[in-house]
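*Asks:* One letter stands for each residue in the lines below.
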Amino acid sequence: MPICLEIITEEDLHLYADGRLEADRREAVGDYLSEDDEALQRVEAYHWQTAELHRWLCPVIAEPVPERLAAIVRSAISQNRSVVVVSSEDRTRQSLRTP
Amino acid sequence: MLTHEQAMAIEEQIPALRRYARALVRNADRADDLVQDCLERAVSRFHQFQPGTNLRTWMFTILHNVHCDALRRQKRRGTDVPIEEWERRAKTNANQPRAMEMRDFRRMFSKLPESDRHILYLVGVEGYSYEEASEVLDVAVGTVKSRLFRARERLRTLQDGMTEPMTPSTNWEGSLQTASI
Numbered sequence: 020m021p022i023c024l025e026i027i028t029e030e031d032l033h034l035y036a037d038g039r040l041e042a043d044r045r046e047a048v049g050d051y052l053s054e055d056d057e058a059l060q061r062v063e064a065y066h067w068q069t070a071e072l073h074r075w076l077c078p079v080i081a082e083p084v085p086e087r088l089a090a091i092v093r094s095a096i097s098q099n100r101s102v103v104v105v106s107s108e109d110r111t112r113q114s115l116r117t118p
Numbered sequence: 028m029l030t031h032e033q034a035m036a037i038e039e040q041i042p043a044l045r046r047y048a049r050a051l052v053r054n055a056d057r058a059d060d061l062v063q064d065c066l067e068r069a070v071s072r073f074h075q076f077q078p079g080t081n082l083r084t085w086m087f088t089i090l091h092n093v094h095c096d097a098l099r100r101q102k103r104r105g106t107d108v109p110i111e112e113w114e115r116r117a118k119t120n121a122n123q124p125r126a127m128e129m130r131d132f133r134r135m136f137s138k139l140p141e142s143d144r145h146i147l148y149l150v151g152v153e154g155y156s157y158e159e160a161s162e163v164l165d166v167a168v169g170t171v172k173s174r175l176f177r178a179r180e181r182l183r184t185l186q187d188g189m190t191e192p193m194t195p196s197t198n199w200e201g202s203l204q205t206a207s208i
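Taken in order, these protein sequences are the chains called A and B. Using our numbering, the letters of the first sequence map in sequence onto residues 20 to 118. Using our numbering, the letters of the second sequence map in sequence onto residues 28 to 208.
If we strip away everything but chain B, and leave its shape as in the complex, we get:
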């Protein structure tokens, strides 16, 4: 159970949680489902929150964990996309040369491995330091750096792929759906 003040403090974090979730899950309703799971966990485990520490970081940690748990469940069901596939996707889902639009960026971003999206969001959008990001992701600061640097290079490779003419091939998302049936 929460006090009124605690509930208010958690509620204030919802817009930021929704923004984080949107970076991880393309469909807005499903992103809110992730936020819902995160809030339920945060409320039930609020006694574990250390007063005086950063509430947003604590809640981001929960959202990150909830998302990883969901992906693990998905993996058991056989709908997971292996990390090694990102490069192949970049090549097979290529587009004709055209101006980069926002939906192109979103599509490109969604092709990245999960861990890349987390780190790019936390450092890029949330403005987190490498230390803060290491707290949320529960990895060493050195790992945060190497992941960030690698993620940006991957995104740059995808970006280059979007602006170069390539042979249209299989639609990745279509084949993914087929595989999950």
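Just chain A, same shape as in the assembly:
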């Protein structure tokens, strides 16, 4: 019977809690957790923390953006566009004058 010893790291536990492990690694960590209650409790706590963060903060995305914030960006839009129009008119006028 082959003995397979996987070394499970601290990082593995966090990646497992975040659902970021590849299938085979996930399975190895899952096996490990079924044998280690303390590690399992940690992973569950990390998972819960992230779920709570989502529950708390994700509704913020759907809130309307306050006008004072949008105004900062909009007021920085360059007015060059009208300058371009004027200068192209100048060029047209100039080319009309040119015989």
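Read the hints as simulated data drawn from the structure, not as lab findings. Check each hint, because a few of them may be wrong.
As the list claims (entries may be wrong) - Distance ranges between label pairs, derived from CB positions:
{"no.": "1", "chain 1": "A", "residue 1": "E46", "chain 2": "B", "residue 2": "T30", "range": "20 to 28 Å"}
{"no.": "2", "chain 1": "A", "residue 1": "T28", "chain 2": "B", "residue 2": "T184", "range": "37 to 45 Å"}
{"no.": "3", "chain 1": "A", "residue 1": "A42", "chain 2": "B", "residue 2": "P78", "range": "34 to 42 Å"}
{"no.": "4", "chain 1": "A", "residue 1": "D43", "chain 2": "B", "residue 2": "E158", "range": "16 to 24 Å"}
A virtual CB, placed ideally from N, CA and C, is assigned to each residue, including glycine.
Dock chain B against chain A, hints included.
*Replies:* Below, chain B alone, put in the same frame as chain A:
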């Protein structure tokens, strides 16, 4: 000055910036003040943005820096909460055992040191890889990992403290306000 397209691209990031700020500053208006400072800096330094790189990451970096600058100013004014205090706060601001509600989680989260809140947000909510988080926070990937692992353990300690009966003691936020006068 920005082109119309650049302004649109920045404006699209505002909801995500507001969400990040909310994780750092409990009061919603003050969180928006942080976003405002971030937007002003982003607009004035937009020439430094490298086209083709991730705009959100760039703006998160600015928000992180603006927040750190604000905290440094606060520290000079003597209203800073030393990082070592987080553990004491967890103990002195203890509650009676009861079901964990969202406001309890928010309170718990706000007790964490600033660097913990940044990393927990970026990895947990934004889904950033350790590499992306290291870019925003301007630290090595190894530092991101150790900070993340430590932050989650701190939060877990606070979580355990919330569900265990403890002697009510001084209200931390009350004493903080007194100290800042």
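*Asks:* Work down the list of hints and note, for each, if the structure agrees.
*Replies:* Outcome of the hint check:
1. E46/A to T30/B: 20 to 28 Å: Between E46/A and T30/B, where Cβ atoms are some 50 Å apart, the hint is violated.
2. T28/A to T184/B: 37 to 45 Å: The hinted range 37 to 45 Å is violated for T28/A and T184/B, with Cβ atoms some 21 Å apart.
3. A42/A to P78/B: 34 to 42 Å: Because 37 Å falls inside the window, the suggested range holds.
4. D43/A to E158/B: 16 to 24 Å: Once the Cβ atoms are compared, 22 Å apart, the range 16 to 24 Å for E158/B and D43/A holds.
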